[in-house]
Amino acid sequence: MNTESGEASAISIRNLVFERGDRAIFDHVDVEIPRGRITAIMGPSGTGKTTLLGLVTGRLHPSSGDIRVGGLPVQSLRTHELYALRMRMGVLFQNGALLTELSAFENVAFPLREHTDLSESMIHSLVLMKLQAVGLRGAADLMPAELSGGMARRVALARAIVMDPEFIFYDEPFTGLDPISMSAIVRLIRSLHKTLGLTTVIVSHDVDILEHLADDSYLFSEGKVVARGTPDELRKNRSRWVQQFIGGMADGPVPFHYPSREYDEELLGEDQWR
Amino acid sequence: MALIQQQVLRRGRTGLAAFGAAWLFFFRVLALLPRAFMRPLLVVEQVYALGNRTVPLVGLAGFFIGLVLALQLYGVLGRFGAASMLGPIIAITVLRELGPVITALLYAGRGGTALASEIGLMRATEQLSAMEMMAVDPVRRIIAPRFAGGIIAVPILNLLFDVVALFGAWMIAILAMHMDQGVFWGNMQASVGFMDDLVNGIIKSFIFGLAVNLVAVFEGFTAQSTAGGVARATTRTVVIASLAIFALDFVATAFMYQGV
Ligand SMILES: Nc1ncnc2c1ncn2[C@@H]1O[C@H](COP(=O)(O)OP(=O)(O)O)[C@@H](O)[C@H]1O
Ligand SMILES: [Mg+2]
Chain A
1 MNTESGEASA ISIRNLVFER GDRAIFDHVD VEIPRGRITA IMGPSGTGKT
51 TLLGLVTGRL HPSSGDIRVG GLPVQSLRTH ELYALRMRMG VLFQNGALLT
101 ELSAFENVAF PLREHTDLSE SMIHSLVLMK LQAVGLRGAA DLMPAELSGG
151 MARRVALARA IVMDPEFIFY DEPFTGLDPI SMSAIVRLIR SLHKTLGLTT
201 VIVSHDVDIL EHLADDSYLF SEGKVVARGT PDELRKNRSR WVQQFIGGMA
251 DGPVPFHYPS REYDEELLGE DQWR
Chain B
275 MALIQQQVLR RGRTGLAAFG AAWLFFFRVL ALLPRAFMRP LLVVEQVYAL
325 GNRTVPLVGL AGFFIGLVLA LQLYGVLGRF GAASMLGPII AITVLRELGP
375 VITALLYAGR GGTALASEIG LMRATEQLSA MEMMAVDPVR RIIAPRFAGG
425 IIAVPILNLL FDVVALFGAW MIAILAMHMD QGVFWGNMQA SVGFMDDLVN
475 GIIKSFIFGL AVNLVAVFEG FTAQSTAGGV ARATTRTVVI ASLAIFALDF
525 VATAFMYQGV
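If you read the sequences in order, they're chains A and B.
At the far end of the first sequence sits residue 274, using my numbering, and the numbering has no gaps.
At the far end of the second sequence sits residue 534, using my numbering, and the numbering has no gaps.
Honestly, the hints are just simulated from the structure, not real lab data.
Backbone N, C-alpha and C define an ideal beta-carbon position, used for all residues, glycine too.
One or more of the hints may lead you astray.
Quick partial rundown of chain A residues pointing at chain B, CB under 7 Å, derived from the structure [claimed, not checked]:
| no. | residue |
| --- | --- |
| 1 | Y83 |
| 2 | R86 |
| 3 | F93 |
| 4 | P111 |
Using the sequences plus the hints, can you model the full thing?
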């Protein structure tokens with residue numbers, strides 16, 4: 001553990017480089033995520049927020065750089081060490097990613113059945129407890145296809161916390177929800193964070209909601225961190241880029257176009273048959 | 275020109291890489307098979323799911339093929355005065371070739387595609403990623419039991435095909451052509467070898483089962499996470515598995531029946 005900085009970061013990313021083809025999704029990025037806080041990772045869609053979660057959870061491998069979660073170097077862990085680390089993480093995928101063949105109850109029970117030898121009655125009470133926490137104890141016997149989007153996400157949330165993780169990652173938890181489900185999820189994220197003593201990371205492009213939720217936030221664009229601070233600090237940030245993102249304006253330094261060659265060159269260019 | 279060359283090279287390289295990846299994947303699945311059998315319920319569930327889907331298809335196909343073979347051969351053999359050999363010829367054809375090959379082809383079309391699309395869909399809906407995040411190896415939990423179930427199901431389906439095809443042939447020979455029961459079954463018993471015909475047929479069927487199920491789980495597991503990706507995985511399963519069955523049939527036949 002790093003003793004010099006006093007309180008060690010829960011997650012620390014140094015000099016991260018990650019490429020897809022010729023495009024650098026992350027270009028020498030540093031991120032420090034403090035323990036016990038709610039940190040928001042923001043940025044327009046396509047910047048690599050989901051990719052960042054993949055890197056932190058060891059499903060993707062960076063070209064270079066160092067990623068540490070709970071002090072462990074994620075990309076040099078052996079498979080069983082990585083799996084041991086993942087037991088300490090909960091991830092809520094964008095669409096929930098429930099196992100479609102299993103009922104809501106069995107989905108939440110899945111990690112328990114795979115990793116523990118708990119008795120059937122123990123599993124029963126644990127699962128119902130977690131489903132109660134997300135307000136869906138009554139939906140235990142429904143299949144994923146019978147759940148609404150918001151409900152599926154809450155069941156997935158119950159599943160993500162059933163092993164009592166230290167870290168929890170949310171990928172776009174607010175998209176595609178009606179206002180009521182939305183405020184339910186916001187409340188849940190906050191209460192779970194408090195009661196379980198989690199380190200929470202939320203990936204989202206929804207500035208308005210994160211404002212009331214996050215202790216700290218990072219703003220990403222084109223492979224770089226363009227701003228960091230509490231949502232309030234970001235609001236006061238005078239950078240045109242930050243103002244554009246927070247204000248949600250189409251015009252500004254954030255490009256509307258995906259990087260490409262000059263338009264006229266592509267239409268007229270003679271080098272396309274080379 | 276250079277562009278085309280580059281493309282060909284890249285295609286070749288990715289083709290080779292895919293082939294290598296398939297082998298690595300195969301060994302990984304094989305290494306996990308024993309652990310799959312340690313949770314036999316998961317495997318039995320898959321034998322049932324995959325086998326059951328293909329039972330009506332294999333049953334009907336076998337029956338009709340038995341009928342057709344008997345109709346065709348009764349006349350042809352009669353011309354050479356060899357109608358009494360109908361039983362053994364049908365039995366040998368079915369047990370050695372038609373049973374294993376057609377069963378495997380039908381299984382590729384029904385069980386194999388179901389397997390590929392199921393796994394591909396789990397990939398597309400991030401169920402496999404979610405499993406990895408729950409520290410559960412999807413190859414162990416999802417792929418291995420399905421592969422195990424599939425390779426058990428195919429030889430059983432093959433036996434079903436054999437029995438039904440012989441029954442169909444018997445119906446034509448005895449009920450329609452009024453052949454003598456004793457001649458039909460007696461000659462069959464006398465010239466059909468347990469080892470050469472029945473066992474070799476089942477071994478073939480097992481080999482085809484390995485190939486079809488490997489292709490199916492590999493295509494599903496490596497499918498692109500889109501609707502088109504899952505569709506492609508399903509189609510490729512049928513195409514690659516069918517070609518593999520014919521090629522392997524030639525190799526197996528060459529090994530098993532040198533002059534038998
Ligand atoms: N499997 C993949 N193969 C190639 N490119 C990908 C893949 N996944 C994502 N990308 C690209 O990486 C970039 C970042 O994607 P992502 O992390 O999903 O963005 P975000 O979550 O911020 O919307 C996108 O431009 C996307 O096109
Ligand atoms: Mg995303």
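Hints and how they fare:
no.: 1; hint: Y83; in the structure: 4 Å, holds
no.: 2; hint: R86; in the structure: 4 Å, holds
no.: 3; hint: F93; in the structure: 5 Å, holds
no.: 4; hint: P111; in the structure: 5 Å, holds
Hint compliance for this structure: every hint is met.
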